[in-house]
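Got chain A; can you put chain B on it based on the hints?
2 protein chains.
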Amino acid sequence: MAEPTKFDLPESEIPEIWVNLLPDLPGTPSPPLHPATQEPVGPEDLAPIFPMGLIEQEVSTEPEIPIPDEVRDAYRLWRPTPLYRAHRLERALDTPAHIYYKYEGVSPAGSHKPNTAVAQAFYNKQEGVSKLATETGAGQWGSALALGCGFFDLECEVFMVGISFDQKPYRKAMMETWGATVHRSPSELTEAGRSQAEHTSGSLGIAISEAVEVAAGSEDTNYSLGSVLNHVCLHQTVIGQEAIAQMEQAGETPDVVIGCVGGGSNFAGMAYPFLRRRLREGMEIRFVAAEPAACPTLTRGRYAYDFGDTVGMTPLMPMYTLGHDFVPPPVHAGGLRYHGDAPGLSALVKEGLIEAMAIAQTAAFEAAVRFARAEGIIPGPEPAHAIRAVFDEAEAAKEAGEERVIVFNLSGHGHFDMSAYQAYLAGELEDLEMPEDELEAALARLPEAPALA
Amino acid sequence: MAEPTKFDLPESEIPEIWVNLLPDLPGTPSPPLHPATQEPVGPEDLAPIFPMGLIEQEVSTEPEIPIPDEVRDAYRLWRPTPLYRAHRLERALDTPAHIYYKYEGVSPAGSHKPNTAVAQAFYNKQEGVSKLATETGAGQWGSALALGCGFFDLECEVFMVGISFDQKPYRKAMMETWGATVHRSPSELTEAGRSQAEHTSGSLGIAISEAVEVAAGSEDTNYSLGSVLNHVCLHQTVIGQEAIAQMEQAGETPDVVIGCVGGGSNFAGMAYPFLRRRLREGMEIRFVAAEPAACPTLTRGRYAYDFGDTVGMTPLMPMYTLGHDFVPPPVHAGGLRYHGDAPGLSALVKEGLIEAMAIAQTAAFEAAVRFARAEGIIPGPEPAHAIRAVFDEAEAAKEAGEERVIVFNLSGHGHFDMSAYQAYLAGELEDLEMPEDELEAALARLPEAPALA
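Chains A and B, in that order, give the protein sequences. Each position in the first sequence, counted from 1, maps to that position plus 687 in the working numbering. Each position in the second sequence, counted from 1, maps to that position plus 687 in the working numbering.
If we strip away everything but chain A, and leave its shape as in the complex, we get:
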């Protein structure tokens, strides 16, 4: 039999800690600010909507944070996830590069999102919360939180962006199968929703505002976010830790680590454990963040303080942003249509430790179809962007005649995104342009705040 294809770890190798990269970040990280006072937000500002266990993680400077047994126990339903060597893809691309992918699509929700959903559900349950409210766009995050709440006997209330609610009834059915309640956003249930009633198709920003309002207004309900925040990126670092152990099994070290970026959590989850090795042990690894050309936060956004939501209910976050009310064109990679990025990740891009590149939608799907035909798995539209970047890297390796080792995060499958493939195969998929004038207008509406270094 040929060289190994699949690198599995036993369940005893599920990581026992999360990797907190905060203490490794270059310089002093800029804190989130209260929009009214422009002072750093404190735990008391966040306590109405987050449990203390997560708030502590959000600001912790401990390099490692232990994973509670109850969370590891839930992880065992799908973790450790497999790492594959893409032999067939390498042959199809005729590249000397060695391509590895970590496959997070084996989770019941089909993506990496449950890694943080079960952790968030656990900490909320521990502090006596009985319900979590959240938003979801295409449905990946809503399904993951529905699953996580189910495991810890919490109610789950999801505000789903109107247009997705209409177009993706099956994601809704998935959330309901796991016991969640799903509302079309903008809804009549919140002031934020009623104030935005004219935006009938909704937006992620409006849905966030609705969920935050529900959480802030109820004693026993908290809010839960699926990306961007430090504690979310932290929970995802199980991915990279497993990948390090699996690459050791494979007997190779990566030259480049690649992932797609929306809010940044799947990328951070894969990259941070490797990044720590680069920062502390001088391991030579490049990091490439692939974002959609239609929502090019890292490559075209401004590094500035901005709100996390559209209505302006969140603290001001130091990050790359396209402006909190910028509405990206409706590319199929719904999970990458976010105006901002995780502050930690933004700082690393600013420092040049992570390279960013923008990928056009059709180029991403062209790569995804080639990947599916070689490796079998049909990727979600989000990791399709990472795959496109991998192809470029493999081509560069071929031109350089180098046996470059590429590792990427295949963050989820595309089973609920087949309409996008249908459009691509029918030649009906377009490269949606980033609207320059809208970007400029949105950047002009950035809130007043101190400039970032």
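These are calculated hints, taken from the structure and not from any lab test. Where hints are given, some of them may not hold.
Reference listing, derived: stretches of chain B covered by chain A, where coverage requires no fewer than 3 residues with Cβ under 8 Å from a Cβ of chain A [said to hold, decoys possible]: (1) 759-770; (2) 861-872; (3) 1063-1075; (4) 1097-1107.
Examples of chain B residues lying across from chain A (beta carbon under 10 Å, computed) [stated by the list, open to error]: (5) Glu-698; (6) Pro-801; (7) Pro-856; (8) Pro-983.
Each residue gets a CB set at the ideal place from its N, CA and C atoms; glycine is no exception.
Then chain B, alone, in the frame of chain A:
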């Protein structure tokens, strides 16, 4: 950490042989007959549509058949599949039973079907065939063969039952993503299709007739079937062999093995390796086949010679049948809506070595939703029937106060069947009745043939 949940095998443990149960079957198996002569069919009758490699397997009396390296190499993309101990489900059911499930949904097509699809594609490729034609109902088999053909550079032409073609565009997109061509059946492309044009919604029987006609009429095109035949059941025995090794890891032996039955291949794949142990080593294991109450082949059908397709193009097969032109009510478990059953499996049921039970649709979904909330994975409607049978067995164990060990085959996920869950959760799912009068009429139309013992 608690007792182990997941039992993985390294890829070196992918089975090296398929288990051929034919030599173990009690008595002398009745051969398939040529419908015109009523003589046993020979290889020459099958050669126009199957490669000799598969025809030899169809009639082989060797107890073990080696798996070619090329097939094992393709298996490595998803095999070995995990075996899980369902700790959370056991707690939810409050049962002393130990419940294990083998999860075949990790394959790229989402079910056990690729186990035979890649093998069939390989043997056809080896004999110079350039295209495979097949039928598909809900789309599980069509997707698996599209995937398999892609791996071995074969064209793939799928006749998809009309009503599914209309209702399941995403399964079609999946097949096309892997490079297959998909036609709505009945089509204008074949005589069989044109002759059945009035049945606009199509049927599996008609689609089979179309695919067989295409294969029979072309030198370089063969036909491929996703269940029922000996060689198909044979290829699926990788499932049971892995499960035996994984149960050894778990340190337990099953008291009962459960699976759902449509044509019988996922059940056979799980059960046959265990059955050999029962037959040869006297291991005490019960076997339970769960079929839909709306298509109750094993529990209500006749044990007789019948055609495999509606139009009557196939040999006469010795099996439990509801009549070759019986059209089962449209339950969501499309993969279980077949009028017949694998001849080997039928013989084992006839001999009392396998118990059969019929499950109502809503009872299956009620169990599937409870399973999903406990274990995360959302089952396909087909294995939902097996899960219902597992619940009954777990309840019986509780009543008996026994630590019964139950192993079942979770043959696939339900990601492409969420409309069925939607209907169930909305209280709109009905228990479709098996039409008694149509059954009687269909049985009266069984072809003339020798009686079976």
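Now the hints, each set against the structure:
1. With 5 residues having a Cβ less than 8 Å from any Cβ of chain A, the region 759-770 of chain B passes the three-residue criterion, so the hint holds.
2. Remark: the region 861-872 of chain B is confirmed as covered by chain A, as 5 of its residues place a Cβ nearer than 8 Å to a Cβ of that chain, reaching the required three.
3. Requiring three or more residues with a Cβ within less than 8 Å of a Cβ of chain A, the coverage given for the region 1063-1075 of chain B holds, as 3 such residues are present.
4. Three residues within the 8 Å Cβ limit are the bar, and the region 1097-1107 of chain B against chain A gives 4, so the coverage statement holds.
5. With a least beta-carbon distance of about 5 Å to chain A, the hint placing Glu-698(B) at the interface is held under the 10 Å criterion.
6. The criterion of a C-beta within 10 Å of any C-beta in chain A is met by Pro-801(B), whose closest approach is roughly 8 Å, and the hint holds.
7. Because the closest C-beta pair between Pro-856(B) and chain A is about 6 Å apart, less than 10 Å, the hint holds.
8. Interface hint status for Pro-983(B): violated, as the beta-carbon distance to the closest one in chain A is roughly 27 Å, over 10 Å.
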